[in-house]
Amino acid sequence: PVNPSGGLKAKGHPIGATGVSMHVMTAMQLCGDAGDMQIEGAGKAGIFNMGGACVASYVSVLERLR
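Per our numbering, the sequence shown starts with residue 55, numbered consecutively.
Hints are computed from structural coordinates only; laboratory data are not their basis. Glycine included, C-beta positions come from ideal geometry on N, C-alpha and C. Treat the hints with care, as some may be off.
As the list claims (entries may be wrong) - Computed cross-link-like contacts, SDA-like style, restricted to lysine to any residue with a CA-CA straight-line distance of at most 20 Å:
id: 1; residue 1: Lys63; residue 2: Met104
id: 2; residue 1: Lys63; residue 2: Ser111
id: 3; residue 1: Lys63; residue 2: Gly106
id: 4; residue 1: Lys98; residue 2: Ala110
id: 5; residue 1: Lys65; residue 2: Ile93
Claimed, not checked - Pair ranges (Cβ atoms, derived):
id: 6; residue 1: Gly89; residue 2: Ala110; range: 30 to 36 Å
id: 7; residue 1: Gly97; residue 2: Val74; range: 30 to 36 Å
id: 8; residue 1: Leu119; residue 2: Gly66; range: 19 to 25 Å
id: 9; residue 1: Val56; residue 2: Cys108; range: 17 to 23 Å
id: 10; residue 1: Gly95; residue 2: His67; range: 17 to 23 Å
id: 11; residue 1: Gly97; residue 2: Ile69; range: 29 to 35 Å
id: 12; residue 1: Ala81; residue 2: Gly105; range: 18 to 24 Å
Take these sequences, add in the hints, and give me the full structure.
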């Protein structure tokens, strides 16, 4: 599944906070705290974020440990 929260545009695209928002939602998924948006059995997740006019690109891979 991709963007169970609706993605960043559904959040109003909070410039400067998009990467944080993506990581928080991902952590909530992995901890089982995403409520109605929860993806059952989520154990690993990938996050891709770009900054500026395609100047910086970041990839994070998170994994549930417990």
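query = For this structure, which hints from the list above don't hold up?
reply = 4, 7, 8 and 10
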